[in-house]
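Undergrad: My request is simple: use the sequences and hints to build the entire structure.
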Amino acid sequence: MKATRLQEAMQTSAGFIGAGRVGTALGRYLVARGVAVSGYASLHRCSAEFAAECTSSRAFGDIGDLCSAADIIFLTVPDEATARVWLQMRRTTDLDGAIVCHCSGCLTSEVFEGAAQEGAHVCSAHPLLAFSDPLCSLASISRAHIALEGDEVAVDALRGLFELAGNPIHRIDAASKVRYHAAAVFASNLVIAPLSVAVRLLGEVGISEPDALSALGPLIEGNAHAFCTSGAAALTGPAERGDTATVAEHLAALDAPTAALYRHLTRMLIDLARVEHPDRDYARLAAIVEEKTS
Numbered sequence: 184m185k186a187t188r189l190q191e192a193m194q195t196s197a198g199f200i201g202a203g204r205v206g207t208a209l210g211r212y213l214v215a216r217g218v219a220v221s222g223y224a225s226l227h228r229c230s231a232e233f234a235a236e237c238t239s240s241r242a243f244g245d246i247g248d249l250c251s252a253a254d255i256i257f258l259t260v261p262d263e264a265t266a267r268v269w270l271q272m273r274r275t276t277d278l279d280g281a282i283v284c285h286c287s288g289c290l291t292s293e294v295f296e297g298a299a300q301e302g303a304h305v306c307s308a309h310p311l312l313a314f315s316d317p318l319c320s321l322a323s324i325s326r327a328h329i330a331l332e333g334d335e336v337a338v339d340a341l342r343g344l345f346e347l348a349g350n351p352i353h354r355i356d357a358a359s360k361v362r363y364h365a366a367a368v369f370a371s372n373l374v375i376a377p378l379s380v381a382v383r384l385l386g387e388v389g390i391s392e393p394d395a396l397s398a399l400g401p402l403i404e405g406n407a408h409a410f411c412t413s414g415a416a417a418l419t420g421p422a423e424r425g426d427t428a429t430v431a432e433h434l435a436a437l438d439a440p441t442a443a444l445y446r447h448l449t450r451m452l453i454d455l456a457r458v459e460h461p462d463r464d465y466a467r468l469a470a471i472v473e474e475k476t477s
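Each residue of the sequence shown is one higher than the one before, starting from 184 at the first, in this note's numbering.
The set of hints was computed from the structure by calculation and includes no laboratory data.
All values reported here derive from a predicted model rather than from experimental measurement.
Every residue, glycine too, gets a C-beta built ideally from N, C-alpha and C.
Be aware that a few hints might be false.
[As the list claims (entries may be wrong)] If you anchor each label on the Cβ, the simulated ranges turn out as follows:
1. 410 to 264: 33 to 43 Å
2. 270 to 402: 27 to 37 Å
3. 402 to 439: 19 to 29 Å
TA: Listed below in structure tokens is the structure:
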């Protein structure tokens, strides 16, 4: 089955509706992995032409023409535009037998309302990666895990495509998609908040923002690597050590909102530390974290 799926993927062409960062980067990646890209259609002709140039494909002025030229149609448009573009496709294009997917982390394939009536096979295919640049490193995309959700025919086709490219695949169901996306937001977006606090605190001791970002880089990268290698066992620092004096000094030095964030995150770290070190007593540290300031 897997060999057949890969053989089919090698003969598959992909078309993109939406020529922004995700669509352009994915198209470049698929071409580099031996998948034919038929071209791009976009609200802005110049974007489609740029993406087409990057992938040696075509810029289409008509969505229907793009759909006719591609075996798999990617909707790489903003989340809020997905349903509208799909409705336009239904009104203007013969979708019988078409395979259509979007790349949203939050939306499910249920956004493709009426797909069964059209005879279309639909899914979502989300690369667990932040696309900050249409010309981003293809090596970074090659390491991205792909979450697939949708009907069997579409999921099987996308699985073959990304297996050919060499990406790890995870099948999830529609009901789990929002929790999956929340996990991605915790790891990618929310982490910026405490990191920004660190930059601000360094600024308060006289270190400029550029220098702070440079100084924090090795610390952040090393910690992220250790976590991805060892999970919560990578935890270090005063909470992990049960260092009550240091934690108390930190809380005394911080303004109220920052101290509240410190307390909340430290509570979570204590819970993790207790699992990693069941022989240690974290009761005193927990009590300090729970103390209310006047």
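Undergrad: So, for every hint listed, does it hold in this structure?
TA: Hints, one by one, checked against the model:
1. Look at residue 410 against residue 264: about 35 Å separates their beta carbons, and that is inside 33 to 43 Å.
2. At roughly 48 Å, the beta carbons of residue 270 and residue 402 sit outside the given window of 27 to 37 Å.
3. At roughly 26 Å, the beta carbons of residue 402 and residue 439 sit within the given window of 19 to 29 Å.
Violated hints amount to a single one, hint 2; each of the other numbered hints is respected by the structure.
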